[in-house]
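Please build the complete structure, drawing on both the sequences and the hints.
With mature numbering (1 follows the signal peptide of the UniProt record, and there is no 0) applied, the sequence shown covers -25 to -1, 1 to 355.
Derived from the structure by calculation, the hints contain no laboratory data.
Fair warning: there could be bad hints in the mix.
Said to hold, decoys possible - In the DSSO-like style, the derived pairs of lysine-lysine whose C-alpha atoms are separated by at most 30 Å in a straight line are:
no. : residue 1 : residue 2
1   : Lys165    : Lys194
2   : Lys88     : Lys48
3   : Lys200    : Lys9
Said to hold, decoys possible - Label pairs and their computed distance ranges (CB to CB):
no. : residue 1 : residue 2 : range
4   : Asp173    : Ala37     : 27 to 37 Å
5   : Pro159    : Ser246    : 39 to 49 Å
6   : Asp52     : Ser246    : 14 to 24 Å
7   : Arg125    : Glu195    : 48 to 58 Å
8   : Pro171    : Gln105    : 17 to 27 Å
9   : Pro113    : Arg151    : 20 to 30 Å
10  : Arg151    : Leu203    : 41 to 51 Å
11  : Gly26     : Asp179    : 29 to 39 Å
12  : Lys88     : Ala38     : 17 to 27 Å
Values in this document were obtained by computation on a predicted structure and should not be read as measured data.
Glycine included, each C-beta is placed from N, C-alpha and C at the ideal position.
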Amino acid sequence: MPCRCPSRLLPIAVCLSTCLRFAAGSPVKTVCSKGFYQEEVIVLGCEGGKGRQSMILSSQAAAQGQFSWEVAKDTFDLSIEVLCEPLKSLHGSAKLSAKCVEPQGEVILGESKGLLNQSPKRMVSAHGAQWSWSGDVPRKHSGPFSLWLRVQGRLHCDVEFLVQNDQDSNLAVDVRYKWSQIKPCPKQLKGCSRCPTDKCHEEDVAVCDGSPYWECLPKEAVMRKSELSTAPGEHEQTTGHMTTSTPTTMTTTTPKPLSLDDLMEDPQVQSLLREKESVNKPDLPSGPLPTSHPAVTVTDRRHFRLPSSKNLAMSMSDMRQSHHLPWAAGIVLALCILLTVAVCISRSAETSEQVRGQLGVAIQGQRTPYSPIDGDAPDR
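Okay, here's the thing in structure tokens:
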């Protein structure tokens, strides 16, 4: 199932991690509602929670030297902490700012006229909430540093937060945030967008389940599923043995957005996907594949025929006889070895007797010239 990243505003690292988790089979945590996809990096849900986002900010002159995100109105007890560390340099500095998104919105932090900037204690009560912050970091600060901002109470407007690198060297930034709730909960969360209508082919439609990706499915299957889930009907009321039919009242309601899991479970969608798979599947031989078994006669690469029962019986008998051949060969070899050893022993015995006889004759022949004959002494 292909994974499509929604927007260029979503960092490449976040997009790749989402696709890898989806390909590996692990569930992707969704924040947006069904029928929407996550367009922004940071999205706060109505139930409250916490999160973090890491990045590297380039020098202050580059476009990648800043990072911004928005938090919706009616968010309670927001806390933001920014951990920074300069790279390839001992000195670093950054700025944290906040202002309302509305046209000519109120500046809360970041300029001389900001609410927090005007307070010597870096704390102010405004619009029913108490705001506080850490203060600016001295320029050319040595080593890691942190910035923080806390709101006790409710945000009175949609607030845009901005972290900006204030030096020429790169800066490693880790943004950590938490909140208690968003009340009342909006129908569309800040950072979530509806499914796109121009990202799929004409015969397909985009389906979103709240995660940072969407899926293109056949339009016909999606329409059938939507009709089945929203089609009006008549319900029966049974009382004792009497059954009466009462028509239901027609009301105009917005159909519930379909999720990707609901569509994939539809048998019509599954049949359409199987048809597409069968069209793209290569042709395979209808019969069984050839085999190398000796009882099978191969006549063609795609077809083969079995031999007759007589030939099969002969082949099986030959196989049985071939199984006994190694034992017979071993017995014959052992007999040959024994016979060879016996012949060698007998020949060696005869040879030793002959050698002994020849040695005796030679010894006798050597002794005769020196032995006395008829009592005569040898000449000296």
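Verification of the hints:
Distance check on the hinted pair: Lys165 and Lys194 sit about 28 Å apart at the alpha-carbon level, within 30 Å; holds. At most 30 Å may separate the alpha-carbon atoms for a hinted pair to count; Lys88 and Lys48 meet this at roughly 22 Å. The straight-line distance between the Cα atoms of Lys200 and Lys9 is roughly 15 Å, inside the 30 Å bound, and the hint therefore holds. Take Asp173 and Ala37: their Cβ atoms lie about 31 Å apart, and the range 27 to 37 Å holds.
For the pair Pro159 and Ser246, the beta carbons lie near 43 Å from each other, so the given range of 39 to 49 Å is met. In this structure, Asp52 and Ser246 break the distance hint of 14 to 24 Å, their C-beta atoms being roughly 51 Å apart. For Arg125 and Glu195, the Cβ-Cβ distance of about 53 Å falls inside the hinted range of 48 to 58 Å, so the restraint holds. Between Pro171 and Gln105 the C-beta distance comes to about 41 Å, which lies outside the given range of 17 to 27 Å.
For the pair Pro113 and Arg151, the supplied restraint of 20 to 30 Å holds, since their beta-carbon distance comes to about 22 Å. About 45 Å separates the C-beta atoms of Arg151 and Leu203, a value consistent with the hinted range of 41 to 51 Å. For Gly26 and Asp179, the Cβ-Cβ distance of about 33 Å falls inside the hinted range of 29 to 39 Å, so the restraint holds. Taken as a hint, the range 17 to 27 Å holds for the pair Lys88 and Ala38, whose Cβ atoms sit roughly 26 Å apart.
The structure does not agree with the numbered hints 6, 8 stated previously, though it agrees with the rest.
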